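Visitor: Read off the chains here:
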Amino acid sequence: MSKKFLLAVAVLATALVGVASAEINWRAYEGTTLNVMFNEHTYAQAIIAKLADFEKLTGIKVVYSTTPETNYFDKLNTALSSRTGDPDIFMTGAYQTWEYAPAGYMEDLDPYIKDSNKTSAAYKYDDFIPGIINALRWDLVPGHAVGIGKLWALPMGWEINTLTYNKKIFEAKGLKAPKTTKELYDVSVALKEHAGSGTYGLAVRGTRDWGTIHPAYMSLFATWGGKDFEIENGKLVCKLDSKEAIAMTDYWVKLIKAGGAPQWSTYGWELCGADLGAGKAAMMWDADRGGYTQNVKGASAEAGNLAFSGIPLPEGITVQRSNLWTWAMGMNAYSKNKDAAWYFLQYFTTPEFMLYSGTEGACTDTPRQSVMNSKAYKDIVGEAEGYLQTFAEVSANASIFFTPQPYFFETTTMWAEVLQDLVVTNKYASTEEAMKQLAERLTDLVSDLEVK
Amino acid sequence: MNKGSDRQGSLSVAGGAGCAHLRATKRLLSITQNGLLLIYAVFALFPLLWMVILSIKSDTQMYTTTFAFTPTLSNYTEVLLKTDYFKYLLDSLIVAGGAVVISVIAGVPAAYALARYDFKKKEDIAFQILSFKFAPEILVVLPLFMIYQTLHLYDTYFGLIWVYQLISMPLLIWVVRGYFEDISVEIEHAAQVDGYSWYQIFFKMLLPLIKPGLVSAALLAFIFAWNTFTFPLLLAGSKIQPITVAITKFLGTDTAHYGQLAVAATVSALPAIIFALCIQKHLVRGLSFGAVKG
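Residue numbers (numbering that gives the first Met the number 0), protein chains in the order written: chain B, 0 to 451; chain H, 0 to 293.
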């Protein structure tokens with residue numbers, strides 16, 4: 000009898016577990032107040048638009064701040080380094096996790112996802128595009144690639160770096176979208192002053208910070224076969240003095256001098272996009288959604304005239320390697336409301352919410368496969384000529400091509416400084432000299448990092 | 000006609016020519032001065048004019064034209080009617096205004112004490128107060144952030160008004176101290192002989208005398224407090240957002256909305272301009288008075 004009783008209890012328990020994992024108690028943290036820090040972005044706007052629904056479902060109150068990207072990370076760095084637990088949740092990028100996670104500011108999200116009492120069965124973790132979710136995993140070992148280790152954040156959206164061009168200008172000049180780096184150079188030269196003084200061929204970023212390196216430059220750098228660091232004898236060694244790195248950088252400097260913006264060194268994403276939208280620039284190589292938003296009806300003077308194309312390939316190279324950027328949300332390791340914070344993260348990364356953000360919320364590059372395959376998504380995003388095709392073509396091999404290490408921002412800023420010096424000054428006799436000096440300095444900078 | 004009158008006549012002709020020459024030189028000088036001032040005025044005002052032009056341009060014409068465009072008020076509608084712009088403006092008025100009021104209430108007696116009384120370490124204290132202005136905000140903000148979190152002052156009006164004292168108080172104390180030092184102490188003694196109490200002397204005699212300096216120092220403190228960015232960026236954000244921080248939101252998330260940014264900047268400059276115009280008559284005297292000490 001006792002055996003039968005135990006069996007019955009076991010069956011009942013299994014059934015109960017099954018029920019529990021099917022749906023969680025969304026009201027479990029009713030009355031909690033969460034502080035959320037957003038970067039001012041379309042991704043954040045989509046969440047803010049649905050905050051009332053979340054508060055109604057959970058009874059959790061959300062207090063949030065939005066700060067533009069220029070100052071966002073200053074604010075976030077201060078808040079996280081205070082270790083007070085405020086904010087509970089924050090927006091971050093993959094590169095930032097390389098700094099925040101080793102410092103102990105970020106909570107590992109895997110235990111929450113695996114806990115069926117905390118995560119709804121409808122969450123479908125496996126629906127995240129592997130390359131995107133894995134960009135937010137890291138084992139905290141400098142030099143080790145992303146994709147292994149703990150999960151530090153959940154993606155809100157991602158971006159690849161592709162060429163957007165003005166088809167009206169191209170048609171008027173009898174040009175075709177460039178497929179090779181040689182064609183890109185020739186077209187950029189041909190489009191110099193295409194509509195008078197101040198107009199030019201190609202808009203790319205040029206400011207003296209990491210933002211200049213990670214989009215177009217890094218995409219071509221990786222496509223060309225360059226690497227930033229390699230592990231040698233338990234240490235990181237900078238490889239910016241390699242044959243590929245020097246050749247690519249030399250090409251890039253010549254390209255900007257011949258066909259870039261006259262004030263290239265002041266250009267961030269916003270000026271690149273603005274020039275493309277105004278017809279000043281005939282092409283832009285930057286985040287795909289940067290070109291997409293300029294093409295939306297009424298958004299710019301050239302809206303409707305923009306089309307998309309992949310990465311121009313160097314001679315002998317057949318694979319496009321776009322560097323990848325993802326905006327994500329992480330949890331503060333010092334948060335006093337971790338379970339409630341997990342509910343927030345979970346709710347705003349569900350397939351249901353991401354279908355909304357990917358379609359009505361204008362978050363074009365969705366990290367959910369189910370959303371990307373949906374008709375609603377394809378109907379809206381597919382309206383832009385060549386967008387979905389380019390996206391499929393380039394995203395196949397897109398990844399983060401930087402070596403994860405905590406000095407990421409220092410090393411990329413120094414890299415951008417040298418790039419600026421090469422374009423606007425005569426400081427170096429050659430690109431080779433500049434890159435060799437840079438490689439030495441960067442190797443020295445990361446010399447205290449132990450690769451175990 | 001005699002020789003004398005001839006000489007007089009030639010002298011008067013020569014004198015008339017000399018006067019005419021002098022007048023012409025003065026006129027030329029005046030034209031040159033005014034011309035140079037005009038050039039400087041255009042140079043100084045052009046950024047403001049440019050900002051106003053941007054504010055009435057649409058996004059699509061922002062880069063395609065310079066002066067010939069179709070003016071639109073859509074940026075004003077977007078910023079003033081569809082956002083919490085006036086809430087941000089009010090937040091700025093409360094924290095900057097509150098900071099100046101407290102600086103005046105606490106700073107004027109402090110300035111008087113530093114000007115009039117001799118006490119141990121007086122100059123050290125005065126320099127200590129001034130040194131608050133030297134510390135880069137970004138360096139002191141982390142400990143402040145932690146203290147504010149503990150004391151629940153983070154993201155509150157009180158907290159911001161308090162931290163703004165680092166900006167407004169030293170300026171006010173040092174400027175007003177100079178004005179008190181310029182007033183002869185014998186005047187106070189004379190008033191005491193006439194039977195005035197210390198408070199009567201302070202409020203009825205000294206305050207009216209330092210009014211121009213106090214007003215100009217208060218205006219400068221208000222402008223510095225109004226323009227502060229780092230403290231409100233890092234010590235507030237959810238409930239309270241002064242305009243300097245909120246203004247950057249208008250840059251946009253998908254594309255740069257420079258027209259909206261120009262509207263936000265133009266309107267946010269108005270309170271300081273209105274304040275300055277209201278106190279203009281005190282301001283000119285206040286800025287020059289006490290500049291040279293005997």
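Because the hints were derived from the structure by calculation, they are not lab data.
As the structure is a prediction and not an experimental result, all values here were calculated from the model.
Do not rely on the hints blindly, as some may be mistaken.
Subject to a maximum C-alpha distance of 30 Å in a straight line, what follows is the list of computed DSSO-like cross-link-like pairs (lysine-lysine) [to be verified]: (1) H/K238 to B/K55; (2) B/K296 to H/K238; (3) H/K238 to B/K60; (4) H/K280 to B/K60; (5) H/K86 to B/K49; (6) H/K86 to B/K55; (7) H/K81 to B/K55; (8) H/K238 to B/K335; (9) H/K86 to B/K60; (10) B/K337 to H/K238; (11) B/K49 to H/K81; (12) B/K435 to B/K242; (13) B/K49 to H/K238; (14) H/K280 to H/K81.
Visitor: Hints the structure violates: just list their numbers, smallest first.
Guide: Hints 2, 4, 14 are the ones this structure does not satisfy, whereas the remaining hints hold.
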